[in-house]
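Peer 1: Protein chains in written order, with my numbering: chain A, 1 to 275; chain B, 276 to 700; chain C, 701 to 993.
It should be emphasised that the hints constitute simulated quantities derived from the structure, not laboratory data.
Here the structure is a predicted model, which is why all the values come from computation and not from measurement.
Hints are not guaranteed to be accurate.
To be verified - Not the full set, but computed from the structure, chain C residues with beta-carbon under 10 Å of chain B:
no. : residue
1   : T845
2   : T849
3   : S934
4   : D960
To be verified - Below are the SDA-like pairs computed for lysine to any residue, each with C-alpha atoms no more than 20 Å apart in a straight line:
no. : chain 1 : residue 1 : chain 2 : residue 2
5   : C       : K984      : C       : I974
6   : A       : K103      : C       : R898
7   : C       : K704      : A       : E167
8   : A       : K103      : C       : I981
9   : C       : K704      : A       : L111
10  : A       : K262      : C       : F800
11  : C       : K706      : A       : I179
12  : C       : K704      : A       : K9
13  : A       : K103      : C       : T977
14  : C       : K706      : A       : A95
15  : B       : K615      : B       : E338
16  : A       : K9        : C       : R898
17  : A       : K103      : C       : F800
18  : C       : K984      : A       : M208
What the hints assert, rightly or not - If you want a taste of the chain C side facing chain B, the calculated C-beta under 10 Å gives, among others:
no. : residue
19  : N708
20  : S761
21  : F956
Ideal placement from N, C-alpha and C gives every residue a C-beta, glycine not left out.
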Amino acid sequence: MKKENKTLKIIVYTILILYSLLTLFPFGWSILTSFKSTAEIASGGTFFPESWSISGWTTLFESQYTTWVRNSLVVALITTVLNVMFNTMAGYAFARIDFFGRKFLFSLMLLLIMIPGQVTMIPLYIVVSNLGLINTHSSIVLTSMINIAYIFMMRQFFINFPREVEEAASMDGLSTLGIFFKIVLPNAKPAIATQAIFIFMGVWNEFMRPLLFLTSPDKYMLTQGLNALSNQYRNITAWDIIMAGAIFSVIPIFIMFIFLNKYFISTNDRSVGSK
Amino acid sequence: MNKFIKSLGLVSTIALLAACNNDDGATDNDTGDNEEGVTNENGGNVNLAVWGSSPAETNAMEETISSFEEETGIEVELEIIQDNFQDAMTARFAANNAPDVFYLEAFAAPMFMESGVLENLSGEIDDVDDFFDPLIDVFRSGEDELYAVPKDYSTLALYVNEDILEAAGYSVEDIPRDWDDLLAFADELQDNLEDDQAAMLFDQSLARHYSAFINNGLDPAGEEGRADFTSNPEVIDYFQSIIDGKEAGYMQNPQIDMGIDSAGAAFGANKAAMMMEGNWVISALNQEYSDLNYAVVESPTINGEEQSMTFSVGYAVSKDSENRDEAISFINYMTNAGLKQWSELSGTLPPRGSIADEMNLLDNPVLAPHVAAADYGTVWSSGESLPIVSAAFDNYFQAAINGDMTVEEALQAAEDEANAELDRR
Amino acid sequence: MRKKRKNNIQGLIFMAPAALAAIVFIVVPIAYAFFMMFFNINLLSGTRTFIGFDNFGKIISDPRFWAALRNTTTYVVVVVPIQTAIALIMAALLNSKIKFNRVFLTVMFIPTLTSSSAMTLIFMWLFNNNGLIVNQIEQLTGIRTQFLTNPDLALSVIMIMNIFSTVPHFMVVFLSGLQDIPTNLYEASSIDGASKIRQFFHVTIPQLMPILFYVVTMGVVGTFQIFDQAFILSGGTGGPQNATLTFTLYIYQLAFTSNDMGRASAMSFILGVIIFTFTAIINKVMKADEMNG
Chain A
1 MKKENKTLKI IVYTILILYS LLTLFPFGWS ILTSFKSTAE IASGGTFFPE SWSISGWTTL
61 FESQYTTWVR NSLVVALITT VLNVMFNTMA GYAFARIDFF GRKFLFSLML LLIMIPGQVT
121 MIPLYIVVSN LGLINTHSSI VLTSMINIAY IFMMRQFFIN FPREVEEAAS MDGLSTLGIF
181 FKIVLPNAKP AIATQAIFIF MGVWNEFMRP LLFLTSPDKY MLTQGLNALS NQYRNITAWD
241 IIMAGAIFSV IPIFIMFIFL NKYFISTNDR SVGSK
Chain B
276 MNKFIKSLGL VSTIALLAAC NNDDGATDND TGDNEEGVTN ENGGNVNLAV WGSSPAETNA
336 MEETISSFEE ETGIEVELEI IQDNFQDAMT ARFAANNAPD VFYLEAFAAP MFMESGVLEN
396 LSGEIDDVDD FFDPLIDVFR SGEDELYAVP KDYSTLALYV NEDILEAAGY SVEDIPRDWD
456 DLLAFADELQ DNLEDDQAAM LFDQSLARHY SAFINNGLDP AGEEGRADFT SNPEVIDYFQ
516 SIIDGKEAGY MQNPQIDMGI DSAGAAFGAN KAAMMMEGNW VISALNQEYS DLNYAVVESP
576 TINGEEQSMT FSVGYAVSKD SENRDEAISF INYMTNAGLK QWSELSGTLP PRGSIADEMN
636 LLDNPVLAPH VAAADYGTVW SSGESLPIVS AAFDNYFQAA INGDMTVEEA LQAAEDEANA
696 ELDRR
Chain C
701 MRKKRKNNIQ GLIFMAPAAL AAIVFIVVPI AYAFFMMFFN INLLSGTRTF IGFDNFGKII
761 SDPRFWAALR NTTTYVVVVV PIQTAIALIM AALLNSKIKF NRVFLTVMFI PTLTSSSAMT
821 LIFMWLFNNN GLIVNQIEQL TGIRTQFLTN PDLALSVIMI MNIFSTVPHF MVVFLSGLQD
881 IPTNLYEASS IDGASKIRQF FHVTIPQLMP ILFYVVTMGV VGTFQIFDQA FILSGGTGGP
941 QNATLTFTLY IYQLAFTSND MGRASAMSFI LGVIIFTFTA IINKVMKADE MNG
């Protein structure tokens, strides 16, 4: 019994380590590329830089990069907060409240995410333009303040949620809204953290909307700025600059993820599945 | 437990405050010069949309605009659209929010011209005869209709890495002018190169080979609503020669065969002895690969005739522009009085013969072959069917390169696919 | 009766913000697109002619539609099961009693952080005809396999790339689902002396069913709508020989190469219906509805 457990453990660790190495490889390669000179990148060359160059990084910070980072940070934060509120509320309603037309509305919402965005982009532009939102950050916040995919995800989470607590609170005379904010939200932390990280990431990496809606460089979001950089330097294959930009753009999400990852996983000293 | 909600609340408050500050700041900066379409005492403000390009071009645009503003008192609001320019323009026209003036590439021009959304500039532009004919003719539709004015252009020429050539025992003078001889030379050269070097780079898209068709008297998108890749067998020989070169290894594609994402980078890194590229590579070659020794000669002749591809970009005015007169005076300035400033600062080629002379471009050994091609190059533009025709070609020519189809089969398949699509439209 | 009414009001309160935003920024644009599919439309000039269902006829008669259908379906059928299985296994492993699980989780999350364009370029570099993988395979087997230009293999490169970057995303979703499984369920089964693997199949999977349904559905939606990778890899052509032509790339070409927004809209709704049908079938097979109560 003991022995079997040990072999199992070794297998588990081996798989995890191998998979981790596999995922680190492209990322590490990008980081190393950001420290190579342009000429070295073009010549293919070695995995590690032959001579370390930071010109990619200095060019990056000489551009308006920091403004774009700030814009993205503000827009992504606001959007994340709105999404977490509204998606969670709607997901909860779909899972728990038996209101009129719930099934129909849910199917309709699912159908809506199944229509690809390529054809709705121009109509969306027309809507945003008629609301007078062109070249404002509100255009991004408002058009992405809810996300059906995460309403759907929250619904699936709440289906499994133990009903007993809510019922007890209901007995104590709390209203549904009260239950939601006081009991449900705090207990749904793993799901909310998951949602938050992916919403943040989605807005952070959003490309077409900023491209169409934001027209002046001081309003740009990071992806647009990154693209501006890669457009500028594409002809000369300045991958060091582009990779430096790409790596830097990942850092905020990475930090956020490290901060939130306690909600996804309990530490090893506790027993399986505990909270 | 409640800490979680509190921190959520805190974050949202901070974020909202930051957003308000942010928007306030922006409005403060923008008031006065940002009211679109509103006229001020000096006349209108011109709103100009361009695509993102090199830092040099962006600077050049800003400086030339300032010169224009000083001279006329008309203010120009510059918008740089970083990618998917065509999609962005389509969206803006659809929302009746089109810029007054915008860049229009010759390739996309027929679509805009046919849709009737452009202002006719015929008779409004000074000294029209001074432009190189092919560059401006693509923006004409009939006798009295001119829908855009060229701002600059690029042409293809043959770039030669002199160091590699010398190491292999040759010089630039040894390079033959005609296509078939050039290939034979590349074949011979390949034997004297290092293993990781290619004698010549090639690109597989129709945009680079359209002139070879024209040169053989065949316009693949010539007849409206019809694609034709096959009615002249000599064209097949031309493409066969590329396939043969690729198979023998003396012609290589930078992305596919070398894993380098542009020809300029492969050439700059001494991985290729020759490439056919546009003048857009020059600034990169000079900046990033400053110890490179290279020479530029005119594109090879095909069937003994000069040929090259030309890429022309112009300024167009949208028909609904409320600042039509200001827009036209802006274009007149940019393509005439301000053209020299723009060309010099941006490093692009001026579409006017007189300015090219003034800048002594024909004395510049690197630029001269490009300027010479302005007269005889085929401009990458045809009717509205060209995007479909070229997409079909690019999809199938790759199959011929892979050896999955013969050149004849690939061209036939591309022609059929393009025609089927044109029929559906 | 009163309960019903109360529920309706509460439902309304909870749904209102999401519904309002959805109507303005999702339903209205989709309705506009829906309207366009019965027209031959020129977006630039705004002119349109009503042509009824002609756009659908044109699509059905287009061999590229069938090529896209074949490619995309293959893609979905291969990618979704693999990515779901890997994500679930990895989540379960991370959730077992192991050391450094947060470190592993953080490292494994990286591919999801990398943008699809950067990822595509990295993969193009790895798989190019003179690249690391091609050369390694040649050394091992003596056969020179070209991935990116070979119609049979180009799609598999995109598949690998997709699996690689989507697994961490769904792994995190599974993980937070695992966190919600009440501990007492495991305690009950351990008293029975069930092994870890048995526990996984008898406790974990049934408990995760709603999440599994979510992951599979979103996987199907995501893979049916695959665009970036195919676009970058083929330079937008869907070549070689339509081998990387996916539905959304086809829609893109209809809209911007053929300049036919009407047909692109019609194709979008065809795709929407295909995905909806597909997920409805999965829903039936997984009996997710019963689970969902």
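Peer 1: Next step is simple, just say for each hint if it's right about the structure.
Peer 2: Here is how each hint holds up against the structure:
no.	hint	result
1	T845	violated, 12 Å
2	T849	holds, 5 Å
3	S934	holds, 8 Å
4	D960	holds, 6 Å
5	K984/C <-> I974/C	holds, 16 Å
6	K103/A <-> R898/C	violated, 35 Å
7	K704/C <-> E167/A	holds, 17 Å
8	K103/A <-> I981/C	holds, 17 Å
9	K704/C <-> L111/A	violated, 27 Å
10	K262/A <-> F800/C	holds, 12 Å
11	K706/C <-> I179/A	holds, 15 Å
12	K704/C <-> K9/A	violated, 53 Å
13	K103/A <-> T977/C	holds, 16 Å
14	K706/C <-> A95/A	holds, 16 Å
15	K615/B <-> E338/B	holds, 12 Å
16	K9/A <-> R898/C	holds, 16 Å
17	K103/A <-> F800/C	violated, 43 Å
18	K984/C <-> M208/A	violated, 35 Å
19	N708	violated, 27 Å
20	S761	holds, 7 Å
21	F956	holds, 7 Å
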